[in-house]
Structure formats: C-alpha cells, structure tokens
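In case you want the letters, here they are:
There are 2 protein chains.
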Amino acid sequence: MHLWARYLILVLGLFTGLHYVLRLTQDSYSQATSFENIALHLKGSTKEAPGAQSEPETYHHLNVNSSFALLAKRRANATFVILARNSDLNGTVQSVYQIEERFNKKHRYPYVFLNDEPFTEEFKQRISLMTSSLTEFGVIPSQHWNQPDWIDEEKAKKFRDKLVEQDIIYGGSVSYRNMCRFNSGFFFKQELMQKYRWYWRIEPDVNFHCDIDFDPFTFMEDNNKVYGFTITPYEFEATIPSLWGHVQDFMKQHPEYIAQDNAMGFMSNDGGEHYNLCHFWSNFEIADMEFWRAPAYSAFFNYLDSTGGFYYERWGDAPVHSLAAAMFAKKDEIHFFNEIGYGHHPFTHCPRDENVYTKGRCNCDRQQSFDYHGYSCMIHWDKLTGRV
Amino acid sequence: MHLWARYLILVLGLFTGLHYVLRLTQDSYSQATSFENIALHLKGSTKEAPGAQSEPETYHHLNVNSSFALLAKRRANATFVILARNSDLNGTVQSVYQIEERFNKKHRYPYVFLNDEPFTEEFKQRISLMTSSLTEFGVIPSQHWNQPDWIDEEKAKKFRDKLVEQDIIYGGSVSYRNMCRFNSGFFFKQELMQKYRWYWRIEPDVNFHCDIDFDPFTFMEDNNKVYGFTITPYEFEATIPSLWGHVQDFMKQHPEYIAQDNAMGFMSNDGGEHYNLCHFWSNFEIADMEFWRAPAYSAFFNYLDSTGGFYYERWGDAPVHSLAAAMFAKKDEIHFFNEIGYGHHPFTHCPRDENVYTKGRCNCDRQQSFDYHGYSCMIHWDKLTGRV
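As given, the protein sequences belong to chains R and G, one line each in that order.
Residue numbers for the first sequence follow full-length UniProt numbering, beginning at 1 and rising by one.
Residue numbers for the second sequence follow full-length UniProt numbering, beginning at 1 and rising by one.
In isolation and in its complexed conformation, chain R is listed as follows (with noise of 0.2 Å):
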C-alpha cells in the first residue's frame, strides 16, 4: 500500500471513531453534525426558498433541502397544525416558541397555518422568525367555515340567545360555532394538510411544559395509534342536549363501523344509556388524519351536521371528535401523551410522575395538575384501560 493511502485509512479510522463517539455522547454534538444541519449551514439562511414565487403562500425562514434531511433523522410525515386570527398573533408566537424549544427545534416538523381571512405579512414573518421549519399560511374556503345558508337562522339565533342567558361559553358565538364545525369536519380537508397524514394540533396561548425528548408522530405511527390527548374534562351538557340520541341513532344505522374493543365504556357509566359528558378536549390533538379521512368519520360527520346541531345547539369538536375516537377506534389505538406538559387555560396537565416529571424538565406545577381533579375524566380513562 502506498504511503498516503496508509495516512488516509487511518485519519479517515479516527474521524469516524471521534465522530460516533461524539453522537452517542452529546446531543449537541450531534445536532451540530446531523447531514440537516450542515445543508442548511451549507446553504445559508434565506427567506427565499426555490419555487417561493409560485408558492406565494409557503414562508422558508431556512431553506431546508428536505430530502437531504431526511436521509439523517427518521421523520413521521407529519405537520403543526394551528388555526388563528391575525389577532391571535402574539398568543401564536408564544405557542410556536415553546414547542419549538420543548421539541421542534430538534425535528423540524412543518407547521400549517389556517385562517378564514388572508394573514397578514407581519403574520408570516414573525412566525417564521419562531422556527426554521417550513411553514405554510392557508385562507379556509367559505363554505368550510360559514353557517351554511340552509341553517334556520331564526332558530339557531334562539338557542344562542338561551346558552347567553345561560352563560354558558361562547354561548352567543357564531364563529366559535363555525370554528367547532371546521375543526370537526374541515381541517383535514384544505389542501395544505392534503399531503400529511399526521397533525399535532396546536392554538394560540397554550404552554408547553416539558422537554420532548421522543418524537410522539413515530410513536404513533410505532403503536398503532390513532388519537392522542393530555385532557379529558367534562362538556358543559347545555351545548349538546340531543348529540347522544345523534350518536345512538348512528351507531344503530351503521353498526359495520363500530370497532370492537372500542372506548366507548369511557363515554358513559350506564352501559350507553346516558353520555357522561367525558371527551378529550380537542386545543391539544396529536392524531392520524387517515382516521378522520375514513368512510366510518365521514359518514359520522355529514350525518351530524346534516341535523344542524353545530349551530342549532353549539356542540363542539371535543365531543365529537372524541365520540369518533371512541367509536370507530380500539382503545388501544388511543394514546394518553402522560409525558406531555400542556396548558390551556384553565386546565393544564403537569407529569405527575417524578421521573417523567424531572426528565422532561417540566415548569408546571403538579398540584395544579387537571389529571384527578374534580371535572377531570382520568379516571374513568384509568378504569378503561385498566391503569387502576
């Protein structure tokens, strides 16, 4: 053998010695060295990503060659999905600052945006100053997000004007009606979330607690999992009078989409004569949109809004996406993020486990923490799936 290519096997020997070293020792190392991270160092930071000028909606805060990265970390094909006002801006930075911190700035999962009015620049570019995923602004098609025209207004109006004498939240509302109708049928619907399969739905002004240090999309995609929650409360029962003769009648109509072993011993304490009002509460979702997507929650929701519930009462997307889940899916296939701090105001759940609690580097305060207290469901969750 030649001299140098003596010198050249054995410097090669030990880069690659020091190297693996480095990445079984140190995250850091190891985010520094990730193929993604030297593209993009390679590459430099532009807002200007190819194809920006026919994709006028797509922001790069850095151009990520994705295909490059992904040759270094396994990723779900996934997306951040969060619906906001341009006046929920400020509260939006704050929610996509802590995820990114707690987990994202080590994935780089995308985000989608979504509005039912075109976000503003400043919009864009603050967002995009949060995180150098790609992150994409979509408007909401009207017939998405409006009371649909064949809505009796005279008598959705009544029912409203009830729920305010009632003081029942957002009782008075038509947009948070519309919004509990998109998030219940729409979301996976508009064409930025066509290309996904997975979302973690976020909101504005929620808090993220701990580190992350697993990926909860290839946990799911691993287990088998379909729906994922932190919170499961009680419904205020006056906004959804008739949903559980609803969902009686279509469990009877179409018994060939009910699973077995599913979860609906959670939804009632009487064997399904009565709803206990149980379901997990929405703000926070991480779930497979190919579940929502499917014969058995289409049918579900064209037969619900077909009744006009959404605004002639004012029924929100928790129970009914929760319903789905615990109809058409196994229990199993439901997932309880445990190690996942999250807060939305007035509730949040904090790892009550030392352990989990310690590792994650949780800012929450366990005592606050939503699991037991008294208009929390984990118990009934806990005897379903046998934790206690």
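Hints are supplied without guarantee of correctness; some may be wrong.
Stated by the list, open to error - Lysine-lysine pairs mimicking DSSO-like chemistry, simulated, CA-CA at most 27 Å apart:
#  : chain 1 : residue 1 : chain 2 : residue 2
1  : R       : Lys-359   : G       : Lys-124
2  : G       : Lys-106   : R       : Lys-106
3  : R       : Lys-359   : G       : Lys-105
4  : R       : Lys-105   : G       : Lys-106
5  : R       : Lys-359   : R       : Lys-106
6  : G       : Lys-106   : R       : Lys-359
7  : R       : Lys-105   : G       : Lys-73
8  : R       : Lys-105   : G       : Lys-359
9  : G       : Lys-73    : G       : Lys-359
10 : R       : Lys-331   : R       : Lys-189
11 : R       : Lys-106   : G       : Lys-105
12 : G       : Lys-106   : R       : Lys-73
13 : G       : Lys-124   : R       : Lys-73
14 : R       : Lys-124   : G       : Lys-359
15 : G       : Lys-195   : G       : Lys-73
If you're looking for bench data, these hints aren't it; they were derived computationally from the structure.
On a predicted model such as this, the values are computed, not experimentally measured, just so you know.
Dock chain G against chain R, hints included.
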C-alpha cells in the same frame, strides 16, 4: 522523524483544523465540545456537590468544576439575584426557565435566591431542575427586612391609609415597603452576595423575549458601565412626596460624591428644581455592586433611611437606585440594554430595530413596546445621551 511521529502530527493537525472550523461555524458544536461541557459529561449529572454537607443551602444540579469551566469561557464575577416568596414558586420557575433558554444555558452564571423566610424543599428542587448552574438560597436577616422599631407606626399607618384612599398600588402594604427598603439598601449586603461584584436582578413572572447572544456582564465590565436598564417609566408622585427634597439636601451636604457628567439632567426638566419622576424600572437591573457598596451610596441610603421615608411614604427602590445612579455615576456609565427584550407586567421592552429583533428571534410585539409610550421616559434618556 519516526513514521509514528509523522502520523501523529498529521492527525493532530487535521483534528485541530476540523475542530476550529466547526467551532467557528457551528454554535452547537462549539457548545458540545467546550471544556465545560466535556467536563460536565465526564463527571456526570448529580445534585450532590463536593462539600454539599457543609453548604446545606447550596444546590448543584450538575456538578460543575468551575475552575476547569473557566478555562473555556471568560465569565464576569456575577450572579443572578431573585427575591421571592415560597408562594412565588411558579412565577420564579417561569422566569428562570426563560433566562436559561434565552441566555444562561450557554453561560451558567449562578443564582442567589433571597427570601424573608426559609425556602421550601419543593422551591429549591423545582428551581434546580431549571438550571445547571449553582443555585444558592438565603434567608434575609430580620433587621434587613422588617420595619425598624424606631419608625412611628401611627404616623406610618396614617400615610398608608391615605395612599389606600388614593388607590395607589401597594399603598397599604407594609411588606411591599420592607421589600423596597431591602432592595434599596440591603440586597448587596447579603452573605451569599458577598463573593460577587456584578448582579442581574430578576423577579418572578417576568419574560425574556429575545435570545441574548452576548454577555451583558462582560459587556458592562469591558465598557466601564455601572448600571444597566431596559425600561424607564414615571414614578407615582404620591409615593415619594418628600424624596426630591431629600435628594437636594443630600447633594448640598455631599458635593464631593456628585459625579461630573452625571445623568441628573435625566431626572429634572427644569435644571433641578423639580423631579420629573423619571426612573429606571429596577425589577430589571444589571449592575455593579461596588457602586452600592461605595461610600457615596452608603451615605445616601443611610440618610434616606434615617428620614423614615420608606415607611412614612412609600419610596420605591427604583427611584432610589435611579437617583443614585444619576448622581454618582457618569451618564456614560449607565446603559440602556436595547437588545434585551424584557417584560414585567404591565410593561414590555421589545427591540424596535428590525435587525436586533430578528437576530434575537424575539417573541414580543414591537407595537406594544413601552419605549415611546406616554408613560415612558425614554425620550428624556435619548435627549440626555444624544440619541436624538
């Protein structure tokens, strides 16, 4: 030269070259391979510091060999100082989490926590979870905190009642007055503070809105600064009716302490006849304790304290510190930290300059920045320092 020696020189040269290229180009590589991080990794993570038994109030989350660490990065002789009650735990955790994320995880400056009663174990543990720095917890001696015996309580109560009638914030609170007097004259005298020269004062429930990509302590040191601020509002006149008169008296009695080129022009719009109520908002301070420990400030504080005005009126530590800085320091020794996005309810300083805002990845709203709002004195500061 032997063959092995030639191999060795080549390999060392290549390693060194690669190392410096990566350090110069990759922040996170630089972090991963700094002496302090490698030292930390080699020593492992433990809360049991050598000598912990003899220092029961000292918590090390990670066992930093500080002399080894100092090889790698120059640090000032500086500490954070946080006055908090046990009931402020959640807000204190939030503040520490944010300063760590935005600044201190790269620097590991220590913390001193002060309280008028012992901190709970829960307080110490939750704080220590937020930082790898040294954290020390001290109890303030009663004579540094409580209303002195020689204060005429009847007279003090009369004024408190008057401020309550006028709806002045904390008007009726004795503990607020204790705190203001403590922050004016005693925090830098605490035992745990003795080993430090520089401090950064932080309160529970404050926000740091931007990455702080420089070291404000070494900046102060290198640029001969003694006092740094971010927000400068007007004081409530009702809380300090006699303060300006005392300041004028003190200046007459002690002309030897008054600095040339001082900042007193910031404090009066009529050449010193009246106080314009401008002051630096002292819930944020980065400053030099040698300034407070020097004869000028000692004489000033002792004089003010002897009048009883901390209790007979409701003097804040903010105007007291500010007036002292304006008298005893040169105006060039007082620094406005524009880059440090900072919020303390109800005011926020958010950098207005586009480049500073972007570089800092700030999550505040520039339109809500306090700098040039009606209650801000910034315009006076700009005039004094020739920025406008």
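These are the hints, each one checked on the structure:
no. : hint                     : verdict
1   : R:Lys-359 with G:Lys-124 : 17 Å, holds
2   : G:Lys-106 with R:Lys-106 : 18 Å, holds
3   : R:Lys-359 with G:Lys-105 : 17 Å, holds
4   : R:Lys-105 with G:Lys-106 : 17 Å, holds
5   : R:Lys-359 with R:Lys-106 : 17 Å, holds
6   : G:Lys-106 with R:Lys-359 : 20 Å, holds
7   : R:Lys-105 with G:Lys-73  : 25 Å, holds
8   : R:Lys-105 with G:Lys-359 : 17 Å, holds
9   : G:Lys-73 with G:Lys-359  : 22 Å, holds
10  : R:Lys-331 with R:Lys-189 : 25 Å, holds
11  : R:Lys-106 with G:Lys-105 : 17 Å, holds
12  : G:Lys-106 with R:Lys-73  : 26 Å, holds
13  : G:Lys-124 with R:Lys-73  : 37 Å, violated
14  : R:Lys-124 with G:Lys-359 : 17 Å, holds
15  : G:Lys-195 with G:Lys-73  : 19 Å, holds
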